[in-house]
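Residue strings, one per chain:
2 protein chains.
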Amino acid sequence: MEDRTYTADAEPGDTVTVAGWAHEIRDLGGIAFLIVRDTTGKIQVKFEKDEMDDDLVDAGTNVNRESVVTVTGDVEEEERAPTGVEIVPDSVEVIAEADPELPLDPSGKVDADLSTRLDNRTLDLRKEETKAIFEIRAEVLRSVREAFRELGSTEINTPKIVATGTEGGTELFPITYFGQEAFMNQSPQLFKQLMVGSGLERVFEIGPIFRAEEHNTPRHLNEATSIDFESAFFDHHDAMDACETVVKAAYEGVAENCQDELEALGYEDFEAPEGEFPRLSYEEAIERINATGELDEQLVWGDDLPTEGEKALGDDVGSHYFITDWPSEIKPFYIKDHDDDEQLSTGFDLMAPSMELVSGGQREHRYDRLVDGFEQQGLDPDAFEYYTKMFKYGMPPHAGWGLGGERLVMTMLGLENIREAVLFPRDRQRLSP
Amino acid sequence: MEDRTYTADAEPGDTVTVAGWAHEIRDLGGIAFLIVRDTTGKIQVKFEKDEMDDDLVDAGTNVNRESVVTVTGDVEEEERAPTGVEIVPDSVEVIAEADPELPLDPSGKVDADLSTRLDNRTLDLRKEETKAIFEIRAEVLRSVREAFRELGSTEINTPKIVATGTEGGTELFPITYFGQEAFMNQSPQLFKQLMVGSGLERVFEIGPIFRAEEHNTPRHLNEATSIDFESAFFDHHDAMDACETVVKAAYEGVAENCQDELEALGYEDFEAPEGEFPRLSYEEAIERINATGELDEQLVWGDDLPTEGEKALGDDVGSHYFITDWPSEIKPFYIKDHDDDEQLSTGFDLMAPSMELVSGGQREHRYDRLVDGFEQQGLDPDAFEYYTKMFKYGMPPHAGWGLGGERLVMTMLGLENIREAVLFPRDRQRLSP
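The listed protein sequences correspond, in order, to chains B and R.
Heads up: the first sequence begins at 1 in our numbering, then just goes up one per residue.
Heads up: the second sequence begins at 1001 in our numbering, then just goes up one per residue.
If you're looking for bench data, these hints aren't it; they were derived computationally from the structure.
Values in this document were obtained by computation on a predicted structure and should not be read as measured data.
Hints may be right or wrong, so weigh each one.
Unchecked claim - Taking lysine-lysine pairs in the PhoX-like style, the calculated list, with each CA pair at most 25 Å apart, reads:
| hint | chain 1 | residue 1 | chain 2 | residue 2 |
| --- | --- | --- | --- | --- |
| 1 | R | K1331 | B | K389 |
| 2 | R | K1331 | R | K1311 |
| 3 | R | K1392 | B | K42 |
| 4 | B | K109 | B | K127 |
| 5 | B | K389 | B | K331 |
| 6 | B | K392 | B | K311 |
| 7 | R | K1331 | B | K392 |
| 8 | R | K1042 | R | K1127 |
| 9 | R | K1127 | R | K1049 |
| 10 | B | K392 | R | K1127 |
| 11 | R | K1331 | B | K109 |
| 12 | B | K389 | B | K311 |
| 13 | R | K1109 | R | K1046 |
| 14 | B | K127 | B | K49 |
| 15 | R | K1311 | R | K1248 |
| 16 | R | K1127 | R | K1109 |
| 17 | B | K389 | R | K1109 |
| 18 | B | K109 | R | K1389 |
| 19 | R | K1127 | R | K1046 |
| 20 | B | K331 | B | K311 |
| 21 | B | K109 | B | K248 |
| 22 | R | K1389 | B | K127 |
| 23 | B | K109 | B | K42 |
| 24 | R | K1331 | R | K1389 |
| 25 | B | K46 | B | K127 |
| 26 | R | K1392 | B | K127 |
| 27 | R | K1392 | B | K392 |
| 28 | R | K1109 | R | K1042 |
Said to hold, decoys possible - Beyond 10 Å from chain B on every Cβ pair, some chain R residues (computed):
| hint | residue |
| --- | --- |
| 29 | L1056 |
| 30 | E1223 |
| 31 | R1279 |
| 32 | F1333 |
Even for Gly, the Cβ is constructed at its ideal location relative to N, Cα and C.
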């Protein structure tokens, strides 16, 4: 529509055609109002019944809510109108009449449960709050990519159909690929590592990952967006620095470019985190968790952190923080151990602050040790030969991390369920829409 | 590595540590050179055998090619060095020794066939030319996203695991999803359409698509990158305008930001296309193809264009061009027909110029006709109810398109095989790496 004016751009004195949805109709007797909503906002259209053509009044005031309409008319100042202006219409056209019965009320006056919202995302995203989440999500991706480029990394795309999973056969969705068994990839881990040994050296990827985890919790998805980074000649300290830069860039981008969206969500004092993210060793972390007294049983060295422990420590620290120097045995085989202590890995997690947001570390780049690692994990190194063999031809030391895109949005906005941060989430029960 | 200097940044007078790969060793007797290569370029390291410590000389000149090394030393001007400077080393450390037998020669002196290159992408991307393709690919994605944002569209991510394919059960890879049958999505088509009916109105997505096509040609992939756009209140003319803007933006981004990469690939006069892309009707297209005399049999109305026909017309037009007004029967059911002629669809293709690059059109937004379309296509509308039902609640007229990311890179750079534009391509024979 060449001649369309967005509602937000309609200025007194203009003759405009706006296009959008019939948000609300208020009939006060002699006068009636149609509120037209588009992606930029809303505008009031005034119908003076005695002074206007009956067909025009009928078209504008007897239309079902959420129908698609176009309205042509003059824009006038009107103090009492919600935006200070209104349209006096010359013509109203109903482009697509909506059913009178809506499965979800986009005005937000009637609450809908999450499942109904997810079944009707088209209507759900007509609500300012829901739309705001996804505008913010898009800004997060934009600013994260920009931060990656400022770090000198090259965007890559790695395959989602793979012959072997990153960490073996568990938690993989099997595919039938021209009669062969294949899987949907659970992480770009192995592929991004192959790229740090190439002339690219430093890479990032933002793409889908697939995990056949049986969890059904407010913070797990079976299809998620992974934000991955990997760099040659980086150790785990460098990788944490890069991680901090990227996470802060996401917050800064949103703080700077999403004022309206933050307002729609009720944030009055959204701020990007300042100062360095504290770096706690795993040992310190379990001590502090034990000291909170929140757990029934004290944690001992070697335990993974339980969800309640993460929450207790997150409350205690009160900001994003890293947990470093994990026991080697609870980190994946491709994470390098400390040179002076094989029980201690260079793996790290970023907590946000009561939930794991990022997992990373320096990688094992020495061929012999890597192959040993596969065997210790119970994996057949031959099945991963496409990956391991490249470590024989000059693989530099390297480090990196993976960041959960939806968890970043969820923790940033304080969403209660990770599904609120995905347009069409996938979980055990939900495969459609 | 905090103290690393990139080879391109080493200036005479500096004391530096460079890190990279042993690209070449030239031993001239009393003097020997090690060429160290990193992601920014190469630098010469000079060893004067009589004047230097034997261990140092040995470390720098007896190392296998493609090993990872660090070299610390003083940078000096040297006219005869390839970059005008060289390093006089104080120390050389071999970080990761490479096998003497390489499956592929990254210096490019020995040709490798595509299959060997794809099996050894880590080494293949140490070649300047291959690296250049993927740096350009990253720039294409960056500039395309920027163009989308300038067009006022919001980035979305739609699911890759779906219950039903866009165009039914053919050409889909089946997945086992917690005991249910599911598929890998062949196109975000239906999901992006759902979003134009939401408050977002105008959206884009760049992500993987999966097609179980049995083709094995130099221009088909079974996993590809789709660049998708869709906008409310757009007709097919508007969609073509947006398409032209985005494709040109990709060329302009590369022309502006990838000078070194274009040079590495031997382009001396790379230029973004100028002027409007011609818009030929299908009828005109078949007439012109017939007039070239390149086909054994004349095309008649209703024929799809054969590959040789596309080539002949591409040569004839000589630039990107659109083919519009296709017969309805050879376009998918979700493409809208012309209001005044139901035999004629609003579908369009962008040719680049001898290969289809984009396919798009105005969509059918009227519920009853859409449901009829499913039935005519032999699809069960009930299986797509998650999609069709949203058309009952105010679906605006809309249009959009899908652009093949790899084809964009392939046609831009004149690559002979689309696999050259993907790090790890997937086809019938290739599932690994």
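ask   = Are K109 of chain B and K42 of chain B close enough, with their CA atoms no more than 25 Å apart?
value = holds, 16 Å
ask   = Is the straight-line distance between the alpha-carbon of K1392 of chain R and that of K127 of chain B 25 Å or less?
value = Given pair K1392 of chain R, K127 of chain B holds - Cα atoms ~18 Å apart, limit 25 Å.
request  = Sort out whether K1127 of chain R lies within 25 Å of K1042 of chain R, counting only the CA atoms.
outcome  = holds, 12 Å
ask   = CA of K1389 of chain R to CA of K127 of chain B, is that 25 Å or under?
value = Status holds; Cα separation ~18 Å.
query = Given the proposed pairing of K389 of chain B with K311 of chain B, does the C-alpha separation stay at or below 25 Å?
reply = Measuring from Cα to Cα gives roughly 41 Å; hence the hint is violated.
ask   = Is it true that the CA of K331 of chain B sits at most 25 Å from the CA of K311 of chain B?
value = It holds: about 21 Å lies between the C-alpha atoms, which stays within 25 Å.
ask   = Within a Cα-Cα threshold of 25 Å, do K1127 of chain R and K1109 of chain R meet the stated pairing?
value = Given pair K1127 of chain R, K1109 of chain R holds - Cα atoms ~10 Å apart, limit 25 Å.
inquiry  = Check whether the Cα positions of K389 of chain B and K331 of chain B lie no farther apart than 25 Å.
reply    = holds, 23 Å
K1331 of chain R paired with K109 of chain B [C-alpha distance capped at 25 Å] = This hinted pair is violated, its Cα atoms lying about 42 Å apart.
query = Given the hinted pair K392 of chain B and K1127 of chain R, is their alpha-carbon gap at most 25 Å?
reply = Cα-Cα ~18 Å, so holds.
key: Distance restraint between K389 of chain B and K1109 of chain R, which requires alpha-carbon spacing of 25 Å or less   = holds, 22 Å
ask   = Hey, K109 of chain B versus K1389 of chain R, does the alpha-carbon distance stay inside 25 Å?
value = holds, 22 Å
Violation of the numbered hints given earlier is confined to hints 1, 6, 7, 9, 11, 12, 14, 21, 27 and 30; the remaining hints are satisfied by the structure.
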